[in-house]
Amino acid sequence: MSHLIEVQGLCKKLGKFEMDDLSFTLPNGCIMGYIGENGAGKTTTIRLLLGLLKRDAGTIRLLGQELDQADGTLFEQIGTVMDEPAFPQYFTVAQVGRVMAGLYKSWDGGVFDQWVDRFGLVRDKKVKDLSRGMKMRLSLGVALSHHPRLLLLDEATNGLDPVARNEILDLLMEFIQEEQNGVFLSSHITSDLEKICDYIALIRNGRIAFVQEKDALLEETGVLKCGGGEFEKLDRGDLLGYHRGRFEVAALVAGRAAKEKKYPWASFEKPTLEDIMMLWDKEEDKTCEA
Amino acid sequence: MPMKIVITASGDPIYQQIGTQIKEMILKKELQPGDMLPSIRLLAKELRISVITTKRAYEELEREGFLETVAGKGCFIRACNEEAIQEEGRKRVETSLAAAVKKARQAGLPLEEIVAMLRVLYEEDEI
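Protein sequence lines correspond, in order, to chains U and D. For the first sequence, our numbering assigns the number 1 to the initial residue and increments by one for each residue that follows. For the second sequence, our numbering assigns the number 291 to the initial residue and increments by one for each residue that follows.
Isolated chain U (complex conformation):
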């Protein structure tokens, strides 16, 4: 299996923010969800991948090509959707299409027309008059109209209603029906990622906390809950992270089945990605607060 993205030892300092030794790979035919808090470095990672920011150290290979030695055809094969689509505000949908036709050699006007129709975009409507959902659809339409193999989406589903989000998820699943394709998407709407992703990477303070197969992650880990006073009975080494309140403790554990046997008095739940994101590596003690 070859890889669409290979990142090794990526470092970048931006003011106070520091990205340190970031490494991960995205295999063909897969969707990777990139989760993390605001400011953790999700967008910075994507900008580095696209060469919009210069890295301090590390290597980036996209579709098997070294980023620094990439020729123009590499970016033809990468579709991007950023948080704020950067189309000129006074252009109409049709004009955006014409501009893109000039930018991409592999631009396919017929495909773009199909997306415009499928998304219900109005051709003579100006970008500034489009709703957020429609702007996002336009952006996706553009990304998909130059025959990409890799889609990089930065918070593409944020601010969209559930119906629109599902439409985008379906579209991504359609996209990877072609085994050569893959998707890398950052989001903090973890329920979306929980549905469709093959892999999950968590970034925290510029470092990768983990990259894991999503199913294995959700099956393996568990959320242990017990009373606030029972916290002392837990082995600290068993906890991947915890939130301790006065009445209740919620802790993330690995090896759920074994831990259920070890702590039969506690209750266990299958975690959601949100639980994992909130608890991973956290040591929160709120017992002293009034």
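It is worth saying that the hints were derived from the structure and are not from the lab. This one's a predicted model, so the numbers in the text were calculated from it and none came from an experiment. The reader is advised that the hints may include incorrect statements.
Claimed, not checked - The following label-pair restraints were derived from C-beta to C-beta distances:
1. U:Thr272 x D:Ala388: 25 to 35 Å
2. U:Asp117 x D:Glu414: 55 to 65 Å
3. U:Arg246 x D:Glu358: 39 to 49 Å
4. U:Lys270 x D:Ser386: 47 to 57 Å
Claimed, not checked - Listed next, the in silico EDC-like pairs over lysine to aspartate or glutamate satisfying Cα-Cα at most 20 Å (straight line):
5. D:Lys294 x D:Glu350
6. U:Lys225 x U:Glu178
7. D:Lys345 x U:Glu174
8. D:Lys363 x U:Glu178
9. D:Lys345 x U:Asp170
10. D:Lys345 x U:Glu6
11. U:Lys135 x U:Asp161
12. U:Lys195 x U:Glu174
13. D:Lys363 x U:Glu219
14. D:Lys381 x D:Asp302
15. D:Lys345 x U:Glu284
16. U:Lys261 x D:Asp302
17. D:Lys345 x U:Asp161
18. D:Lys345 x U:Asp215
19. U:Lys195 x D:Glu320
20. D:Lys294 x U:Glu6
21. U:Lys270 x D:Asp302
As the list claims (entries may be wrong) - Chain U stretches covered by chain D per the calculated footprint, using a threshold of three residues with CB under 8 Å from any CB of chain D:
22. 170 to 177
23. 207 to 220
Just so you know, even glycine gets a beta-carbon here, dropped at the ideal spot from N, CA and C.
Dock chain D against the given chain U, drawing on the hints supplied.
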């Protein structure tokens, strides 16, 4: 092919839910030897789940002898593996009975009473 696969939030791993339901269709003869299953990518897309999940479900079914993958063609229900089918049926009954026994113990019911209950249920069902 009237295939029906439903994913629920029952807590069972999704790959297991898929495997169980496909086996059920084989037991009920709704899926016949030689029937082609949807590709792992199509199934993942339709159910909106990870490709890795559907791949794992098919791999387990293949290991248990229910499926075979023909390179370049797809996944097919394997021809008459009566033994595997019978074994699967037996396994299911055993699991359900074990659960029933556990409940009976909790309720303090003696073995004779459960056996009697079982007989009534079994014969009732025949009519």
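Failing hints, ascending?
Of the numbered hints, 3, 4, 6, 10, 13, 15, 17, 19, 20 do not hold.
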